Every structure is written in structure tokens, then in C-alpha cells.
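Chemist: Sequence:
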Amino acid sequence: MIGNFIADHIKGNQFTHLSSEIQQGIKLHREIDTFTDAHKITRISKRRLHKRYGLFAGIIIDIFYDHYLAKNWSNYSAMPLDIYVNSVYQLLDHQKEILPEKTLQLMPYMIQYNWLYNYQYKEGIKSVLNGMNRRTNNKGQIDLAIEDLYQLDEDFEKDFQLFFEDLQIFSHQKIKQLQQQNTQT
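Numbering-wise (the numbering used here), the sequence shown opens with residue 1 and increments by one.
Read the hints as simulated data drawn from the structure, not as lab findings.
Owing to the predicted nature of the structure, the values given are computational and were not obtained by experimental measurement.
Idealized CB from N, CA, C, for every residue including glycine.
One thing to keep in mind: the hints can contain errors.
[What the hints assert, rightly or not] In silico DSBU-like cross-links for lysine-lysine, where the CA-CA straight-line distance does not exceed 35 Å:
#  : residue 1 : residue 2
1  : Lys40     : Lys126
2  : Lys51     : Lys176
3  : Lys40     : Lys11
4  : Lys102    : Lys11
5  : Lys176    : Lys71
6  : Lys71     : Lys126
7  : Lys122    : Lys102
8  : Lys122    : Lys139
9  : Lys51     : Lys96
10 : Lys96     : Lys122
[As the list claims (entries may be wrong)] Across the chosen pairs, the derived CB separations fall in these ranges:
#  : residue 1 : residue 2 : range
11 : Ile175    : Leu152    : 18 to 26 Å
12 : Gln181    : Thr136    : 29 to 37 Å
13 : His94     : His50     : 38 to 46 Å
14 : Arg135    : Gln181    : 19 to 27 Å
Sequences and hints are given; from them, build the entire structure.
Modeler: Below, the structure is given as C-alpha cells:
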């Protein structure tokens with residue numbers, strides 16, 4: 001789980017010093033990113049936003065899809081969202097010494113404002129979009145995407161549901177593949 005969580009803050013192959021489990025998580029995260037970017041449903045979602053947000057459309061769709069995952073969490077996991085989120089925060093806290101600097105900088109805010117839990121609410125997504133907008137110096141006007149979430153909510157949620165079915169299958173296959181590679185090395 002840690003590897004998957006920190007993957008966006010790890011550049012290139014600068015993770016060979018980490019445990020094989022964390023390396024697998026980083027590799028899985030990158031494979032999921034590639035799969036997501038190439039998926040036909042994700043592309044449909046991005047096209048709805050591309051004219052207004054350009055290259056930021058993909059980032060916005062990732063955030064929207066995180067919203068639908070959190071919102072519909074009980075459809076995908078027997079563990080309640082609040083318990084899962086708290087376990088993630090505890091795990092991150094216990095593994096601070098291996099976390100990248102960027103993750104360490106974000107962690108206090110993530111925990112204080114309970115980002116992962118609040119992804120299920122549109123107000124939580126609004127806060128995330130506002131934060132992304134500040135970090136990009138308002139280049140893409142990402143904060144305005146909350147309007148698109150409200151206006152096209154049903155369309156984006158249907159896209160997510162179709163995409164997530166494929167993602168689950170892909171992820172299970174990729175995890176098996178990574179585990180097999182790990183046992184061969």
C-alpha cells in the first residue's frame with residue numbers, strides 16, 4: 001500500500017533501496033496510471049473537460065474518479081471507508097522514515113483535513129481542486145472543475161463504474177504478474 005501511495009513522488013528508478021513489497025506497489029501504481037490514461041472510458045471523460053482545462057483534464061478526471069470510489073466505497077470493500085482511511089494514515093505515520101519529502105510535506109494536511117475520507121463529498125473534491133489550483137498558480141483554473149462535476153455528475157459516475165470494473169480485473173492480473181516476477185528474482 002505504501003508503494004502505491006508514494007509512487008507519484010518517486011522519480012524514475014529511485015526506489016531500489018526500498019523493500020520489494022514497496023517496489024511492487026510503486027510499479028503497480030505506474031501500471032495503473034498507464035492503463036488509466038489509455039483506457040477508452042477515461043478518454044471519454046477527459047474529452048468532456050479537455051476544451052476547458054487542456055492537459056489538466058486528466059488530473060481532474062483522476063480526482064473525480066477518486067470521488068466516485070470513495071462515494072461508492074461500500075460497493076467495493078467490506079471495510080468501512082473511515083476505518084480504511086485511518087489505517088492508511090496510521091501506516092503512513094509508522095513508515096515516515098521511508099516517505100519522500102513531498103509526501104511528508106502533504107501528510108499533515110491530508111490527515112488534518114481528512115482528505116481521503118472527504119473525497120466522497122463534493123465539498124471535499126472542491127477543496128482538493130482549490131488546492132491543486134493554488135499549487136499550479138491558477139494555470140489551468142482547475143478549481144472551476146467543480147462546476148463540471150455538478151453538471152455532468154451522472155455521466156462521470158457511469159464512466160467511473162465502467163472503467164473501475166476493467167481496472168479491478170487489470171489490477172488483479174498485474175498484482176499476480178508482479179508477485180511472480182518478485183519470486184523469480
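Chemist: Now, for every hint given, state plainly whether the structure supports it.
Modeler: Taking the hints in turn, this is what the structure says about them:
Our distance criterion of 35 Å between C-alpha atoms is met by Lys40 and Lys126, whose separation comes to about 26 Å. Restraint check: the Cα-Cα separation between Lys51 and Lys176 comes to about 38 Å, which exceeds 35 Å; the hinted pair is violated. A C-alpha spacing of about 27 Å is found between Lys40 and Lys11, which places the hinted pair at or below 35 Å, so the restraint holds. For the hint linking Lys102 to Lys11, the alpha-carbon distance of about 11 Å falls within 35 Å, and the restraint holds.
Of the pairs offered as hints, the one joining Lys176 and Lys71 holds, with about 28 Å between alpha carbons and a cut-off of 35 Å not exceeded. Restraint check for Lys71 and Lys126: satisfied, since their Cα atoms lie roughly 14 Å apart, inside the 35 Å limit. Restraint check for Lys122 and Lys102: the C-alpha separation of about 25 Å stays at or below 35 Å, so the hint holds. A distance of roughly 22 Å separates the Cα atoms of Lys122 and Lys139; the hinted pair therefore holds under the 35 Å criterion.
Note on Lys51 and Lys96: the hinted pairing is violated, with a Cα-Cα distance of about 40 Å set against a maximum of 35 Å. Of the pairs offered as hints, the one joining Lys96 and Lys122 holds, with about 30 Å between alpha carbons and a cut-off of 35 Å not exceeded. A hinted range of 18 to 26 Å for the beta carbons of Ile175 and Leu152 is inconsistent with their spacing of about 32 Å. The supplied range of 29 to 37 Å is met by Gln181 and Thr136, whose beta-carbon atoms lie about 36 Å from each other.
A hinted range of 38 to 46 Å holds for the C-beta pair His94 and His50, which are about 40 Å apart. The beta-carbon spacing between Arg135 and Gln181, approximately 35 Å, falls outside the hinted interval of 19 to 27 Å.
Taken one by one, the earlier hints fail for this structure at numbers 2, 9, 11, 14, listed in ascending order.
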